[in-house]
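Student: For the record, the sequence lines run as chains X and C. In this text, residue positions in the first sequence follow the numbering used here: the first is 2, and each later residue adds one. In this text, residue positions in the second sequence follow the numbering used here: the first is 2, and each later residue adds one.
Keep in mind that a hint or two might mislead.
[Said to hold, decoys possible] Derived, one-sided and incomplete: chain X residues facing chain C with beta-carbon distance under 10 Å:
hint: 1; residue: 38
hint: 2; residue: 106
hint: 3; residue: 107
hint: 4; residue: 130
hint: 5; residue: 263
hint: 6; residue: 265
hint: 7; residue: 284
hint: 8; residue: 285
hint: 9; residue: 305
[To be verified] From the derived model, a few chain C residues whose C-beta atoms are all more than 12 Å from chain X:
hint: 10; residue: 14
hint: 11; residue: 264
hint: 12; residue: 265
Hints in this document: simulated from the structure, not taken from any laboratory. This one's a predicted model, so the numbers in the text were calculated from it and none came from an experiment. Don't be surprised by glycine CBs; every beta carbon is placed ideally from N, CA and C.
Number of protein chains: 2
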Amino acid sequence: MDAAALAERVRAGDVRALAKVISMVENGESGVRSVIKDLAPMVAGARVIGLTGAPGAGKSTVTSALVKALRARGERAAVLAVDPSSPFSGGALLGDRVRMQEHATDPGVFIRSMGSRGQLGGLAAATPQAIRVLDAAGFGVILIETVGVGQAEVEIAAAADTTALLVVPGMGDAVQAAKAGVLEVADVLVVNKADRPETQRTVRDLRSMIALSAGRWRPPVVTTVATSGEGVDELVRQLDRHWAWLAESGERARQRLARARDEVSALAFGAVRARLEVPDELAARVADGRLGPHEAAEELLASVGL
Amino acid sequence: MDAAALAERVRAGDVRALAKVISMVENGESGVRSVIKDLAPMVAGARVIGLTGAPGAGKSTVTSALVKALRARGERAAVLAVDPSSPFSGGALLGDRVRMQEHATDPGVFIRSMGSRGQLGGLAAATPQAIRVLDAAGFGVILIETVGVGQAEVEIAAAADTTALLVVPGMGDAVQAAKAGVLEVADVLVVNKADRPETQRTVRDLRSMIALSAGRWRPPVVTTVATSGEGVDELVRQLDRHWAWLAESGERARQRLARARDEVSALAFGAVRARLEVPDELAARVADGRLGPHEAAEELLASVGL
């Protein structure tokens with residue numbers, strides 16, 4: 002099927018065409034470029050919510066509960082489960098998709114996992130492209146679920162309007178998140194599995210950790226028991242409150258400009274990376290000390306006209 | 002002090018000059034380039050050992066015990082504690098340096114921590130440069146200590162001849178490491194705090210995890226109680242065994258060529274990144290849908306002559 006036909010079918014709500022285009026994004030296929038161009042007029046500016054947290058925090062259960070709440074008020078929701086953990090492993094999130102099965106037959110819900118294989122510029126380039134495609138396909142809310150708390154998650158958070166960080170009671174997750182800089186980018190903090198002991202203490206500790214941050218938005222701390230649905234309404238309310246604040250404060254426009262900048266930058270970077278292969282002969286001269294690394298970098302850049 | 006004088010003092014074993022040059026590397030100061038060039042003839046090909054593991058695995062204690070063992074046989078050792086965790090936090094390793102104080106007055110030992118601030122190309126560019134400087138200053142063994150198990154640690158491992166992964170008894174650390182691809186790059190596995198229960202089980206589990214890997218080198222699993230020194234001799238023996246294997250197998254030359262390539266690539270990349278700033282006007286056109294991201298990336302590349 003050619004690009005124009007694919008774009009047309011995505012536009013018409015064909016789920017298989019949509020899945021095909023996301024795969025093209027994931028694999029870094031060059032053909033996806035004209036599909037994205039054809040879809041451009043349909044991009045409506047969907048709301049993007051990032052959910053991150055260590056393995057076991059209950060991300061899939063919370064995501065599923067959020068999807069249910071969004072569907073109840075008539076919104077179409079897409080879930081993109083992104084696994085940045087490693088080029089070696091991959092597929093870690095697939096098992097969790099079982100928890101999403103209650104939405105499997107609902108045409109207003111689309112669920113996909115995505116790894117980093119192939120894509121030039123990695124997930125930093127692939128995620129915004131996948132968001133564009135889902136947006137053009139008519140999903141008003143896009144949930145980006147990432148496993149783990151690290152720099153990769155911070156990068157993916159940069160693609161979201163609102164980032165929710167999930168932790169379980171006990172301070173391990175929060176401390177790890179703080180070390181990785183994830184706490185600084187979280188807009189809403191969720192203590193899930195809040196029927197466990199230590200919940201109130203974790204809430205207090207999180208509040209004191211974020212009290213030190215200087216941003217204009219003070220992240221609320223929400224407690225949930227996602228398996229029973231407890232606290233999910235309050236979580237939705239806080240996510241909505243942040244979304245409204247983004248518009249009122251002018252932050253939404255600023256963020257979207259920054260996202261566009263990051264997206265262009267990642268694509269340009271990916272293209273350059275492909276051209277900056279270090280020739281064996283050049284690496285050998287550096288390895289045996291005949292040439293300094295800076296001089297070699299200069300020679301390499303000159304050889305591609307930079 | 003000019004570059005030539007700094008290089009001369011580093012060569013002469015001046016610790017303050019050495020610390021100054023490492024700071025220049027860390028901050029990405031352009032002046033460091035001629036210092037590194039002046040030091041090039043002194044680079045002797047030091048042995049680089051990477052140590053990584055989750056917080057609490059006992060990296061500093063193991064590092065300190067290794068330094069002691071290396072000093073006992075007359076080798077000069079430098080420790081570079083690299084913190085890739087976040088551009089936001091930083092300094093996480095400073096507290097641990099207290100454990101290194103037994104070596105504080107030994108001129109055959111140099112200890113420094115380094116973060117990612119400033120450096121173009123990040124730690125992937127800064128670490129090899131710091132290694133060059135320490136090598137030229139006459140340290141035959143350079144220990145690179147990194148906190149955490151993630152992609153950043155995998156990148157730093159790429160700068161080492163031998164990478165040791167530290168875990169504590171219980172499978173949490175090992176599973177995290179496996180997910181992040183760190184297990185695949187570890188040459189020696191160390192179960193530290195081996196006076197705890199579950200040690201033998203962890204050793205068995207690690208052995209079965211690595212049995213699946215297809216490399217020519219089968220990573221040994223060593224147990225240590227670094228606080229008492231137990232197992233440290235065996236750890237040194239296994240590190241030596243890997244170092245000898247690298248030479249015999251031809252792997253050392255191959256790795257060093259790969260390292261030179263990575264170093265040149267990171268520097269070239271850093272230089273390009275600085276030139277690929279996305280102008281506001283271009284980002285705005287992408288943000289409001291007037292221009293596709295791929296077309297914008299093309300425009301940006303064309304504007305810098307690519």
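Student: Decide, holds or violated, for the assertion that all CB atoms of chain X are farther than 12 Å from the CB of residue 14 (chain C).
Tutor: 21 Å, holds
Student: Holds or violated: is there a CB of chain C closer than 10 Å to the CB of residue 106 (chain X)?
Tutor: This interface hint is violated because 32 Å lies over the 10 Å limit.
Student: Run the C-beta distances from residue 265 (chain C) to all of chain X and say if the shortest one exceeds 12 Å.
Tutor: 4 Å, violated
Student: Next item in the hint list is residue 38 (chain X). Is there a CB on chain C closer than 10 Å to its CB?
Tutor: Status holds, d = 5 Å.
Student: Please verify that hint: residue 305 (chain X), Cβ, nearest Cβ of chain C, below 10 Å or not.
Tutor: Cβ of residue 305 (chain X) sits 8 Å from chain C, so the hint holds.
Student: When the nearest CB of chain C is found for residue 107 (chain X), is that gap smaller than 10 Å?
Tutor: Not OK, violated: residue 107 (chain X) not within 10 Å of chain C, min 29 Å.
Student: Does the nearest C-beta of chain C fall within a distance shorter than 10 Å of the C-beta of residue 265 (chain X)?
Tutor: Since chain C brings a Cβ to about 4 Å from residue 265 (chain X), closer than 10 Å, the hint holds.
Student: With chain C as the partner, please determine if residue 263 (chain X) meets the hint condition of a C-beta pair closer than 10 Å.
Tutor: Where the cut-off is 10 Å and the nearest Cβ of chain C is about 8 Å from residue 263 (chain X), the hint holds.
Student: Does residue 285 (chain X) pass the interface check with chain C, least Cβ-Cβ distance below 10 Å?
Tutor: 6 Å, holds
Student: Hint residue 284 (chain X) vs chain C: min CB-CB distance below 10 Å?
Tutor: 4 Å, holds
Student: Residue 264 (chain C): least C-beta distance to chain X exceeds 12 Å?
Tutor: Check fails; 5 Å does not lie beyond 12 Å.
Student: Double-check residue 130 (chain X) for me: the hint is only fine if its C-beta lies closer than 10 Å to a C-beta in chain C.
Tutor: Interface hint status for residue 130 (chain X): holds (7 Å vs cutoff 10 Å).
Violated hints for the displayed structure, listed by number in ascending order: 2, 3, 11, 12.
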